[in-house]
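Construct all of the structure, not just a fragment, from the sequences and the given hints.
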Amino acid sequence: MTLPRLLLGTQDGRALTHAEHVGVHGPLPAGDVSAALAAAGLRGRGGAAFPTARKLQAVAATAAAGRHRPVVLVNGAEGEPMSAKDRTLCARTPHLVLDGAQAAAAAIGARRVTVALPRAATDALDAMRTAVHERPGGGPAITVTAVPVAYLAGEESALIRHLDGGPLKPTVVPPRPAERGLGRRPTLVQNPETLAHVGLVARHGAAWFREAGTAADPGSVLVSLAGDVVAPGVYEVDRRMRLAELTGMPAGRGGPRAVLVGGYHGTWLGPDELAGLTLAAEDLAAHGATLAAGVIAVLGPKSCPVRELANVAGWLAAQSAGQCGPCANGLPAIATRLAAVADGRAPSGSAADLDRWTRLITGRGACHLPDGAARLVRSGLRAFAPEVAEHARRGPCAACRRPPVLRVASRVAA
Amino acid sequence: MSRDEVLVLDPIGCAGHGLCAELLPEWITLDEWGYPILRPEAIPPELLPHARRAVAACPKLALRLRALSAS
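Those sequence lines, one after another, are chains A and B.
If you count the first sequence from 1, position 42 lands on 42 in the numbering used here, and the numbers rise without skipping.
If you count the second sequence from 1, position 28 lands on 442 in the numbering used here, and the numbers rise without skipping.
Hints in this document: simulated from the structure, not taken from any laboratory.
Warning: the hint list may mix true and false statements.
Unchecked claim - If you want the footprint, here are the derived chain B segments under chain A, 3+ residues with CB under 8 Å:
{"no.": "1", "stretch": "423-434"}
{"no.": "2", "stretch": "443-456"}
Stated by the list, open to error - Distance windows between CB atoms, simulated:
{"no.": "3", "chain 1": "A", "residue 1": "111", "chain 2": "B", "residue 2": "418", "range": "41 to 49 Å"}
{"no.": "4", "chain 1": "B", "residue 1": "470", "chain 2": "A", "residue 2": "65", "range": "30 to 38 Å"}
{"no.": "5", "chain 1": "A", "residue 1": "233", "chain 2": "B", "residue 2": "470", "range": "52 to 60 Å"}
{"no.": "6", "chain 1": "B", "residue 1": "466", "chain 2": "A", "residue 2": "351", "range": "35 to 43 Å"}
{"no.": "7", "chain 1": "A", "residue 1": "22", "chain 2": "B", "residue 2": "448", "range": "53 to 61 Å"}
{"no.": "8", "chain 1": "B", "residue 1": "431", "chain 2": "A", "residue 2": "65", "range": "31 to 39 Å"}
{"no.": "9", "chain 1": "B", "residue 1": "482", "chain 2": "A", "residue 2": "27", "range": "44 to 52 Å"}
{"no.": "10", "chain 1": "A", "residue 1": "275", "chain 2": "B", "residue 2": "448", "range": "41 to 49 Å"}
{"no.": "11", "chain 1": "B", "residue 1": "461", "chain 2": "A", "residue 2": "351", "range": "33 to 41 Å"}
{"no.": "12", "chain 1": "B", "residue 1": "436", "chain 2": "A", "residue 2": "54", "range": "37 to 45 Å"}
Think of the CB as a built atom: it goes at the ideal place given N, C-alpha and C, for glycine as much as any other residue.
Next up, the structure:
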């Protein structure tokens with residue numbers, strides 16, 4: 001088993017042309033990829049880790065039962081500031097993503113593919129538009145669309161509503177996109193990395209795919225490594241890899257203060273939890289974490305985790321569509337209180353308030369924004385209890401004045 | 415024929431008027447921002463008429479009863 005797979009043959013700064021792509025991977029075989037996908041055990045790389053083959057089945061089933069031909073939506077909105085893997089993939093190997101979309105479209109009987117990418121990701125947009133023109137005939141009709149840079153752009157119901165001319169705000173599910181999505185058609189929503197894997201499974205099959213990864217989560221995975229690390233960037237790894245090896249830092253002394261696994265809906269892990277830890281789902285689950293969309297952010301010993309937590313909570317509160325009462329009220333309350341905690345001016349009872357608010361918002365929104373924010377905050381308060389107590393005693397620390405490590409805006413201006 | 419029914423809320427539609435909690439305090443409480451918290455279990459038969467009144471009273475039509483299973 002050799003890596004990279006997805007990023008094979010790519011070079012920094014430009015996309016593989018169609019001829020180069022075929023030279024690296026070979027042509028995309030015709031035929032139904034469904035059976036190979038089911039045997040491969042590929043799970044969605046957008047965060048929810050839903051089995052891809054089952055999603056295809058669901059869309060195909062609703063399409064067969066109704067009158068509308070299904071469509072494919074490539075959700076590359078990647079609304080999280082620290083995530084860069086999908087735009088990197090689309091910028092460097094757009095044809096592999098489109099191969100996956102084409103194979104998936106063929107499997108469910110779709111003839112249209114929409115690719116949504118963030119307005120700020122001009123490299124990915126340019127590469128994808130060029131790739132669409134380069135592709136040989138016979139595939140689906142592909143539209144590339146720029147979408148706003150916002151957390152909710154990646155939330156599939158909000159994305160669909162926006163693409164259909166509405167506001168960028170989630171809708172109540174059900175109906176799920178598989179039942180009624182873009183233009184009310186049954187819609188297969190997949191993120192670019194997932195589809196790139198589909199493009200490889202179509203060529204090499206399930207057994208090859210399973211040579212990487214774990215039994216529960218086969219295949220390679222892209223991670224966006226960010227924060228206080230020697231070499232931040234997008235890496236294609238095997239989930240059996242140790243976190244310490246990925247970050248290039250030892251667990252324990254001289255190592256990170258904390259690692260955020262799974263991005264801004266993720267879980268903070270402290271130094272005690274990092275020793276020996278791999279990226280395997282069962283390893284992470286033992287600490288209440290999931291890899292989600294693959295963001296791994298490291299806080300070094302010179303950063304203030306309390307300040308970082310407050311900053312991210314403020315950003316998450318600003319991402320709320322404001323549609324659901326618990327989220328619209330709870331996220332600002334949490335963020336404001338966390339800022340007060342970092343400033344050392346939080347009222348007594350703040351720990352109880354934060355505990356109550358994070359429980360109160362969980363599961364009560366139309367989308368999972370409040371749930372993820374609550375998970376991040378609760379795990380942070382648990383991991384950073386000593387620093388929280390220190391801030392309560394002495395107010396802001398020296399590290400509070402340093403520029404934040406965790407980005408709360410897109411790297412490229414929108 | 416009896417059906418187990420649960421209360422379900424459309425969180426986008428709900429504007430926090432709070433009438434439901436007035437009419438069905440056994441099953442619905444309000445959080446500190448005035449938004450309803452529903453018990454997830456099936457409504458006991460003796461409360462069903464009250465639950466129906468709470469559903470009918472919602473000015474945003476955000477509350478409804480959903481049948482769990484036919485029996």
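Okay, the hints, checked on the actual structure:
Remark: the stretch 423-434 of chain B is confirmed as covered by chain A, as 7 of its residues place a Cβ nearer than 8 Å to a Cβ of that chain, reaching the required three. With 6 residues having a Cβ less than 8 Å from any Cβ of chain A, the stretch 443-456 of chain B passes the three-residue criterion, so the hint holds. Residue 111(A) and residue 418(B) have their C-beta atoms about 43 Å apart, which keeps the hinted 41 to 49 Å range intact. Distance hint check for residue 470(B) and residue 65(A): the Cβ-Cβ separation is about 33 Å, which falls inside the suggested range of 30 to 38 Å.
Residue 233(A) and residue 470(B) have their C-beta atoms about 57 Å apart, which keeps the hinted 52 to 60 Å range intact. Between residue 466(B) and residue 351(A) the beta carbon distance is about 41 Å. The supplied range of 35 to 43 Å therefore holds. Between residue 22(A) and residue 448(B), the C-beta spacing of about 60 Å keeps the proposed range 53 to 61 Å intact. Taken as a hint, the range 31 to 39 Å holds for the pair residue 431(B) and residue 65(A), whose Cβ atoms sit roughly 38 Å apart.
For residue 482(B) and residue 27(A), the Cβ-Cβ distance of about 51 Å falls inside the hinted range of 44 to 52 Å, so the restraint holds. The supplied range of 41 to 49 Å is met by residue 275(A) and residue 448(B), whose beta-carbon atoms lie about 46 Å from each other. In this structure the supplied range 33 to 41 Å holds for residue 461(B) paired with residue 351(A), their Cβ-Cβ distance being about 36 Å. At about 43 Å, the CB distance of residue 436(B) to residue 54(A) agrees with the hint of 37 to 45 Å.
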